[in-house]
Structure formats: C-alpha cells, structure tokens
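> Residue strings, one per chain:
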Amino acid sequence: MHIKKYLSIGLSVCSLVTLSACSDNDSSDSVKNVTTPDIMTQSYELTVSNLTSNQPLSPLAISIHGASYSAWSIGEESSLGLEKLAESGDATDFLMEATNSGAYTTAVGAGLIMPGQTETLEVVTSSSEDLKLTLASMPINTNDAFIGTKGLDLAGLSIDDEMTVLLPIYDAGTEANSELSGTIPGPADGGEGYNALRDDVNVVSRHPGVVTNEDGYPDSILDSSHRFDSPTVKLTLKRTQ
Amino acid sequence: MKIYSKLAATTLPLLLASTITSAQTVDVKISNLTQGMFFTPLLISAHDNSQHLFESGTEATAELAAMAEGGDISGLVTATEALGAVNAEDPAGGLLAPSTSTMTNDFDTGSNGLLSITAMLLPTNDAFVGLDSWAIPSEAGTYTIFLNAYDAGTEANDELVNGGGAVGVLGIPANPGANGGENGTGVTTTETNQNVHIHRGNIGDADENGGISDVDSRIHRWLNPVAKVVVTVK
Chain Y
1 MHIKKYLSIG LSVCSLVTLS ACSDNDSSDS VKNVTTPDIM TQSYELTVSN
51 LTSNQPLSPL AISIHGASYS AWSIGEESSL GLEKLAESGD ATDFLMEATN
101 SGAYTTAVGA GLIMPGQTET LEVVTSSSED LKLTLASMPI NTNDAFIGTK
151 GLDLAGLSID DEMTVLLPIY DAGTEANSEL SGTIPGPADG GEGYNALRDD
201 VNVVSRHPGV VTNEDGYPDS ILDSSHRFDS PTVKLTLKRT Q
Chain D
1 MKIYSKLAAT TLPLLLASTI TSAQTVDVKI SNLTQGMFFT PLLISAHDNS
51 QHLFESGTEA TAELAAMAEG GDISGLVTAT EALGAVNAED PAGGLLAPST
101 STMTNDFDTG SNGLLSITAM LLPTNDAFVG LDSWAIPSEA GTYTIFLNAY
151 DAGTEANDEL VNGGGAVGVL GIPANPGANG GENGTGVTTT ETNQNVHIHR
201 GNIGDADENG GISDVDSRIH RWLNPVAKVV VTVK
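Those sequence lines, one after another, are chains Y and D.
Taking our numbering, I'd label the letters of the first sequence as residues 1 to 241.
Taking our numbering, I'd label the letters of the second sequence as residues 1 to 234.
Hint data in this document are derived by calculation from the structure and do not stem from the laboratory.
Check the hints yourself; a few may be wrong.
To be verified - With a Cα cut of at most 20 angstroms, we get these calculated PhoX-like pairs of lysine-lysine:
| no. | chain 1 | residue 1 | chain 2 | residue 2 |
| --- | --- | --- | --- | --- |
| 1 | Y | Lys-150 | D | Lys-228 |
| 2 | Y | Lys-150 | D | Lys-234 |
| 3 | Y | Lys-150 | Y | Lys-234 |
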C-alpha cells in the first residue's frame, strides 16, 4: 500500500517535471522537434482544471471515437462501466466499453486531480473526419456523481485551434445519495466504492447537489466544503497535430 | 414629394415581406434534466416583442402566478393569444417526469419571431422552468438552449405539501413522486424578493414526519440548468 502511494507520488512528480521541462520550450518548437509528422494521426492536448471546493477528481477517463458511441444519455440507465466509474472512480470498465464500441483510442489520467489543480495530457488518435471526445471522472466525495462531456465534436478543430468548455456534474442514478458514512470512497469518508446494488432512480440525470451535515442533514458524512455547483471542471482542448 | 411617396410605396412591401419571412416551422424537444423534479404541463409560446410569458426582475403577472403556483397554463394561453401568440400546450400530455423528454413536431410559429417556454416544478411552491423571448433563428439548423429554474416571487417557499395550488394559497399542490415527508413546520412564511428571480433551490430535510419541510433534501434539490431545449428550425 505504501509502495503504491509512493509510486503514484513519484509518477506525478515525474509528470510535473516533464511539464516544466516542456514549458521551457515554446510548444510550437516542441511540435517541430517531433520526427516527421504522421499524417495518419491527430493529437490533442487536454487541460483539465478542478473547479470544486473539496471534491478530488478520479483519474480522467478519456476516449476518442466516432458518432456511433454514446457513453451515457439523460434518462437512460448507466452502463456497468459508468456505474463503476461514478461509484468508485475506477475507469477500467468504462474505457473497455468505449473500446468495445469502436473507440479509436482511450487514455487514463495520471492520478487524482485535487481541487484547484490542473492536469494536462496529450491524446493521439488515428486520423478521421469523424472524431468525438468523451471524458468522465468521479468527484470522489460523492455517492455516484460524475463530471464529463460526451461526444464533444472535434471535427471543426484545425491544428493549433483551441476551445474551452465548462463541464457539468451528473448523477449516475445507480446509488442513492445517502451521504452516509461508509458509502463514499473519497477522503471525506473512506467508504465503499462500487456496489452492484442499484438503489436509486437508475437513470442518468444532472446531479442535484450534496446536502451535507452543515445544511440540516446531520447523518451526512459530508460537510459544507464538499458542496458544489455546476460547472465543476474547465476543459481546454487544443489540437496540436 | 412624389419621390418620397414612391419610396414609401416600394419600401413598405419589402418590410412586410421581411416580417413574413421570419415565420418558422420548428421542432422543439424539451428534456427535464433533473433527478427528482417534475414539470407540470409545459407551455411553448411563439410571440412577438410586445409580450413575455415572464420577465426576470419584474413582478409576475396573475397568469404567471397561476402557472408557477398551481401549474395552470390556461391564463397564459388566453393572454398571449389575445396578442397574436401561437401556442403549443402540454406537449407531454401531463407531467414531464424527471430525466424524460417531450417532442413537439412542426410547430408553426406564424409571424412570431420569439420563443418562450414555462412549466412549474413540483414539488415547489412557485418555482418554474423558463425560457424568455429566445429569438428564433432564420437559418435552418439545430439549436440547443439550457434553461434555469426561476421563482415567481409570488409565494413564500414554505415547502409544505398541502394541496395549495391556487394563487394566493400557501403550500405545494402535490409531490408526484410521493417520495417526501409530511407534517413539516414550514421553512419560511415570507418571500423576500417578490419579483421573478433565480430560484434559490429547495431546502428540504431528511425527516419523513416533521422537520421544517415536506420535501426531501436528498431528492428534491437541483442545480441549474434544469432543462435542455433543442430547437430544429426547418
């Protein structure tokens, strides 16, 4: 366990070092330094900022895919992979579903993104005229919330084009928002992550927010720092190749 | 003088023509994005700039209050049609449940260039989802709009489910999900902002019998936006 923790810290330090090394160079220079660009690939730089007060974000789950894949829809049941992501933060099955649905590429973030922190990562995909981005992550001090964007259209982006979108917060609908001790995997509780029981509305919706023990719900393990509004995350997307 | 009148004669028909070409046929898909709030029968209204279904920062009309407090759109329908509006009433055929959608096809807006939408949120005292005077684009295409929840400002948010849906009667007419509490003491008896404003949200409690509220804080809260509208201009 300790080794694991050290490893993840080591990794994040490495990525920080890499980032600062990169920032020494003009980013366009570093693109020029890349060996002969493969015209069959496209690259995107994703910059994700956690705008919440006290909701660490689970490692980002990212896929680039065509128009046929839809990771979730308001009013429809969560997939098993989305349920696991939204209840435990584990993106493995969620990304497996994307791959099985024909996604061109998938990627996972380096680690938790803490409140106020930003992660930048690059995703390379095979070239297509029909590219869409899906990104999801769990704010881990919740029962089954997730943030994200689904099927964001990349087709209009030329090289060096950039866009910024603010992402809303959804509820997977698979676990009641009891906020009780033992039901929330994040540091606010250290409770259970995924549980196969679906004891909520069983459809995806926008999240109603958390109540907390400082707002008339004494049984909640959450306090006022865990409250959030929508949007929760800023995503800046730049096509680099 | 003669030149003037000739100009007027040629310009006027052009102006009329441009007004007429602003008429559109649209499809309107309305999605309730919330997890636990119902919409009462929706009103979709195409109108001109002489009127509003509602206007934030101003006092609610009696017709708006009837919609926001009791879900009754008949007053708004009569008032708007008297001024030339075209309405699509109750597209969902009753309540629009949480996380569901309703589609209105081939809505002919006539010569009206603005689109407005309202429906009451249940369970609340006088919350409503609203779109005020969105300019219908002349260019064919698909347009997405996100709607917020407003407070009509006409009733104190006591959050007690007692059947009180008539204008001026304190209380929430119904909790369609039957998933709240009862015998609450009431959150408040006053309404500080008596103009139409962004709703502060339900307070609720987790007490099935008693507490301050008959709505459940874990189920009947929301964050904006509460609805997504996709308009397809044909």
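> Which hints, by number, does the structure contradict?
Violated hint: only 2; rest satisfied.
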